[in-house]
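If you want the building blocks of each chain, they are given just below.
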Amino acid sequence: MATRMKLKLKTVFVLYFMVSLLGLVYALMQLGQRCDCTEHDLPKDRTISRLRGELHRLQEQMRKSEATKQPQKHAVKPSPPTIFVITPTYSRLVQKAELTRMSQTFLHVPQLHWIVVEDSPHKTPLVSDLLVKSGLAYTHLHMPTAKDRKLQEGDPSWLKPRGVEQRNEGLRWLREDRRAQPGGESQQGVVYFADDDNTYSLQIFEEMRSTQRVSVWPVGLVGGMKYERPVVEGGKVVRFHTGWRPSRPFPMDMAGFAVSLKVVLANPEACFDGEAPMGFLESSFLQGLVTMDELEPKADNCSKGLGSDPAVEV
Amino acid sequence: MSSTRFGRVMPSQITNPGDAEEKRYSSHRVDRVTLDSAHHCLAPKRDSSTPRHPQGYALTQRTALHWQYQVLEWAPRIQRRSSDDGVEGKREAGGQAQDSKEYCASDKDIVEVVRTEYVYTRPPPWSDVLPTIHIITPTYSRPVQKAELTRLANTFLHVPNLHWILVEDSQRRTPLVTRLLRETGLNYTHLNVETPRNYKLRGDTRDPRIPRGTMQRNLALRWLRETFNANSSQAGIVYFADDDNTYSLELFEEMRSTRKVSVWPVAFVGGLRYESPKVNAAGKVYGWKTVFDPHRPFAIDMAGFAINLRLILFKPQAYFKLRGVKGGYQESSLLRELVTLNDLEPKAANCTKILVWHTRTEKPVLVNEGKKGFTDPNVEI
Numbered sequence: 175m176a177t178r179m180k181l182k183l184k185t186v187f188v189l190y191f192m193v194s195l196l197g198l199v200y201a202l203m204q205l206g207q208r209c210d211c212t213e214h215d216l217p218k219d220r221t222i223s224r225l226r227g228e229l230h231r232l233q234e235q236m237r238k239s240e241a242t243k244q245p246q247k248h249a250v251k252p253s254p255p256t257i258f259v260i261t262p263t264y265s266r267l268v269q270k271a272e273l274t275r276m277s278q279t280f281l282h283v284p285q286l287h288w289i290v291v292e293d294s295p296h297k298t299p300l301v302s303d304l305l306v307k308s309g310l311a312y313t314h315l316h317m318p319t320a321k322d323r324k325l326q327e328g329d330p331s332w333l334k335p336r337g338v339e340q341r342n343e344g345l346r347w348l349r350e351d352r353r354a355q356p357g358g359e360s361q362q363g364v365v366y367f368a369d370d371d372n373t374y375s376l377q378i379f380e381e382m383r384s385t386q387r388v389s390v391w392p393v394g395l396v397g398g399m400k401y402e403r404p405v406v407e408g409g410k411v412v413r414f415h416t417g418w419r420p421s422r423p424f425p426m427d428m429a430g431f432a433v434s435l436k437v438v439l440a441n442p443e444a445c446f447d448g449e450a451p452m453g454f455l456e457s458s459f460l461q462g463l464v465t466m467d468e469l470e471p472k473a474d475n476c477s478k479g480l481g482s483d484p485a486v487e488v
Numbered sequence: 005m006s007s008t009r010f011g012r013v014m015p016s017q018i019t020n021p022g023d024a025e026e027k028r029y030s031s032h033r034v035d036r037v038t039l040d041s042a043h044h045c046l047a048p049k050r051d052s053s054t055p056r057h058p059q060g061y062a063l064t065q066r067t068a069l070h071w072q073y074q075v076l077e078w079a080p081r082i083q084r085r086s087s088d089d090g091v092e093g094k095r096e097a098g099g100q101a102q103d104s105k106e107y108c109a110s111d112k113d114i115v116e117v118v119r120t121e122y123v124y125t126r127p128p129p130w131s132d133v134l135p136t137i138h139i140i141t142p143t144y145s146r147p148v149q150k151a152e153l154t155r156l157a158n159t160f161l162h163v164p165n166l167h168w169i170l171v172e173d174s175q176r177r178t179p180l181v182t183r184l185l186r187e188t189g190l191n192y193t194h195l196n197v198e199t200p201r202n203y204k205l206r207g208d209t210r211d212p213r214i215p216r217g218t219m220q221r222n223l224a225l226r227w228l229r230e231t232f233n234a235n236s237s238q239a240g241i242v243y244f245a246d247d248d249n250t251y252s253l254e255l256f257e258e259m260r261s262t263r264k265v266s267v268w269p270v271a272f273v274g275g276l277r278y279e280s281p282k283v284n285a286a287g288k289v290y291g292w293k294t295v296f297d298p299h300r301p302f303a304i305d306m307a308g309f310a311i312n313l314r315l316i317l318f319k320p321q322a323y324f325k326l327r328g329v330k331g332g333y334q335e336s337s338l339l340r341e342l343v344t345l346n347d348l349e350p351k352a353a354n355c356t357k358i359l360v361w362h363t364r365t366e367k368p369v370l371v372n373e374g375k376k377g378f379t380d381p382n383v384e385i
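Taken in order, these protein sequences are the chains called F and A.
So for the first sequence, the numbering used here puts the first residue at 175; every next one is plus one.
So for the second sequence, the numbering used here puts the first residue at 5; every next one is plus one.
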């Protein structure tokens with residue numbers, strides 16, 4: 175009995191030793207092998223994919239809500255008048271930055287159609303990609319400026335009128351596009367010329383939506399406390415308060431007025447005159463369209479521009 | 005994530021979202037709600053069954069009541085955390101102002117109802133799962149201030165889970181900024197601290213030796229540390245966004261996944277088309293692709309990095325250095341107390357895309373590009 179017990183004990187020890195040795199050898203063999211870390215990664219991955227899904231969903235919702243705000247041609251119920259924003263742009267260092275922040279502002283405005291006209295012989299990928307990614311309703315056009323009309327490096331910015339051909343191209347497209355629409359002439363809309371280096375508060379887009387012919391408002395000037403504004407008496411514009419050549423027919427900035435689509439379509443010859451003397455660009459367009467007392471003052475009878483916060487900063 | 009994560013913001017000053025508060029906001033609400041501009045903390049009281057898009061974001065996973073509780077806890081608290089006047093008396097050598105911890109009493113009598121009906125028709129999107137991005141913006145009064153802040157607000161309104169900490173360099177919070185913040189409907193905190201005249205820029209406004217906005221940024225960091233508990237599970241990212249830059253929306257999504265400090269290229273800084281961190285094949289930052297002093301510990305612009313809130317709370321002594329900071333070293337003065345180069349996370353496709361532009365209201369100066377061009381001309385800016 176004792177020897178058998180001793181034998182049994184010995185076998186147990188031997189077995190124990192062998193098993194441990196085998197285990198050690200196995201562990202050593204596993205050293206340096208790729209470990210299967212799915213247990214650790216799974217919760218993290220799950221969180222990441224959940225977050226991504228959440229983000230994606232939010233973005234979809236945002237895009238959907240923006241999209242539903244802009245029913246274009248198939249609107250059954252009357253939608254608010256579309257604002258057509260014509261923006262001339264040209265290639266320079268800050269172009270992408272300026273267009274990016276413009277698009278971020280426009281995304282807040284319902285029923286807005288952005289007409290971007292590049293000063294270029296062909297559409298550039300920078301602008302094309304930006305417009306596609308922006309999520310806005312847009313039209314991408316291009317129209318190069320004639321060489322002799324182009325500003326050269328080192329020219330002061332006021333030397334030659336800028337954006338003339340591009341704005342005219344925008345108008346041309348708009349007229350052509352609207353004529354092709356069913357019931358085209360009676361469509362409601364507002365046309366606004368927004369340069370890509372200005373700041374726009376969202377207020378003016380709502381103010382301008384009710385334009386019947388041509389509406390005007392104050393414009394703030396960067397770099398000083400100056401602003402330009404129409405002077406309103408009895409609900410009508412009587413003159414303009416501006417520091418520079420107030421004797422012009424319409425002494426205001428491009429960003430200070432909007433024209434109703436009806437008027438634009440009814441006057442197919444009205445466009446910007448590149449030969450006009452400096453500062454008369456706006457007048458060259460507006461002269462055939464409206465008289466001063468027909469102007470509609472916005473922004474609280476153009477009083478909002480006083481001193482502190484004009485709706486547009488140039 | 006806990007639904008009441010923001011409810012634990014300030015345990016010592018729990019406001020019961022009870023009658024008093026609701027009454028105050030409901031009187032405010034009467035004018036706003038019908039005009040479809042409902043601030044998001046007021047909207048959900050109405051029918052949650054038809055998810056109008058302003059509510060759609062937040063009502064996905066929680067019941068309306070729950071969300072309402074959470075937001076009423078959080079949003080009004082955040083808004084009322086605006087400190088009272090900054091420099092009432094110097095308490096520290098650095099001259100930093102103490103912000104008062106009491107609720108701003110002036111908000112109790114809101115009589116003016118802001119005509120926001122047609123402007124911001126959509127409150128900023130909010131999700132329960134995304135980390136909050138805390139944006140710290142110092143600002144000061146000048147002609148273009150309103151334009152810049154308006155543009156920024158228009159950008160920020162597209163970003164989900166954003167909290168804007170605007171710090172004015174002024175003795176009192178100005179009505180212009182106060183009004184602007186209220187009108188946008190963003191989640192914001194409005195602080196102010198005036199830079200003592202010694203530190204303010206004198207003469208040449210482009211003198212880089214005196215860092216502008218430092219005290220304001222430090223105040224915001226202090227506010228964050230006082231408001232958020234280091235142990236809480238609230239995820240947050242801190243980003244310093246100056247009011248004269250341009251930010252793409254993609255940037256905010258890139259920074260949301262920051263674990264410690266993430267970095268990316270910035271256009272129009274350092275006299276170049278863009279400055280960028282140098283990233284090796286393993287995806288680690290090993291240097292800085294700049295011409296202006298590339299041997300700085302962190303040769304990066306203020307707009308080129310974001311910090312996880314946890315790190316800010318974990319290292320409560322880390323602030324921007326006020327005095328004796330050489331031009332271009334301000335960012336390093338904070339970052340070196342938080343991370344090492346090895347810990348930096350490169351974003352924007354391994355620092356090859358430009359998502360932020362250091363625009364100012366002037367043309368960028370590219371003196372450092374040199375004849376051959378320093379930066380990769382194929383990178384679009």
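I should point out that these hints are in silico values taken from the structure, not numbers from a laboratory.
One or more hints might be untrue.
Claimed, not checked - Computed list of lysine to any residue pairs in SDA-like fashion (alpha-carbon distance at most 20 Å, straight line):
no. : chain 1 : residue 1 : chain 2 : residue 2
1   : A       : Lys264    : A       : Val295
2   : F       : Lys297    : F       : Lys334
3   : F       : Lys297    : A       : Ala234
4   : A       : Lys264    : A       : Asn354
5   : A       : Lys376    : F       : Leu267
6   : A       : Lys357    : A       : Tyr333
7   : F       : Lys307    : A       : Gln238
8   : F       : Lys307    : A       : Lys357
9   : F       : Lys324    : F       : Ala450
10  : F       : Lys436    : F       : Lys324
11  : A       : Lys375    : F       : Glu350
12  : A       : Lys375    : F       : Leu267
13  : A       : Lys282    : A       : Gln238
14  : F       : Lys238    : A       : Ser131
15  : A       : Lys264    : F       : Leu267
What the hints assert, rightly or not - Part of the chain A face toward chain F, derived, beta carbon under 10 Å:
no. : residue
16  : Lys150
17  : Leu161
18  : Arg277
19  : Ile385
Just so it is clear, CB atoms sit at the ideal spot from N, CA and C, and this is done for glycine as well.
Hints, one by one, checked against the model:
no.: 1; hint: Lys264(A) with Val295(A); result: violated, 26 Å
no.: 2; hint: Lys297(F) with Lys334(F); result: violated, 23 Å
no.: 3; hint: Lys297(F) with Ala234(A); result: violated, 52 Å
no.: 4; hint: Lys264(A) with Asn354(A); result: holds, 16 Å
no.: 5; hint: Lys376(A) with Leu267(F); result: holds, 17 Å
no.: 6; hint: Lys357(A) with Tyr333(A); result: violated, 24 Å
no.: 7; hint: Lys307(F) with Gln238(A); result: violated, 31 Å
no.: 8; hint: Lys307(F) with Lys357(A); result: holds, 15 Å
no.: 9; hint: Lys324(F) with Ala450(F); result: holds, 15 Å
no.: 10; hint: Lys436(F) with Lys324(F); result: violated, 32 Å
no.: 11; hint: Lys375(A) with Glu350(F); result: violated, 47 Å
no.: 12; hint: Lys375(A) with Leu267(F); result: holds, 17 Å
no.: 13; hint: Lys282(A) with Gln238(A); result: violated, 31 Å
no.: 14; hint: Lys238(F) with Ser131(A); result: holds, 16 Å
no.: 15; hint: Lys264(A) with Leu267(F); result: violated, 32 Å
no.: 16; hint: Lys150; result: holds, 5 Å
no.: 17; hint: Leu161; result: holds, 7 Å
no.: 18; hint: Arg277; result: holds, 7 Å
no.: 19; hint: Ile385; result: holds, 6 Å
Of the numbered hints given earlier, the model fails hints 1, 2, 3, 6, 7, 10, 11, 13, 15; all others are met.
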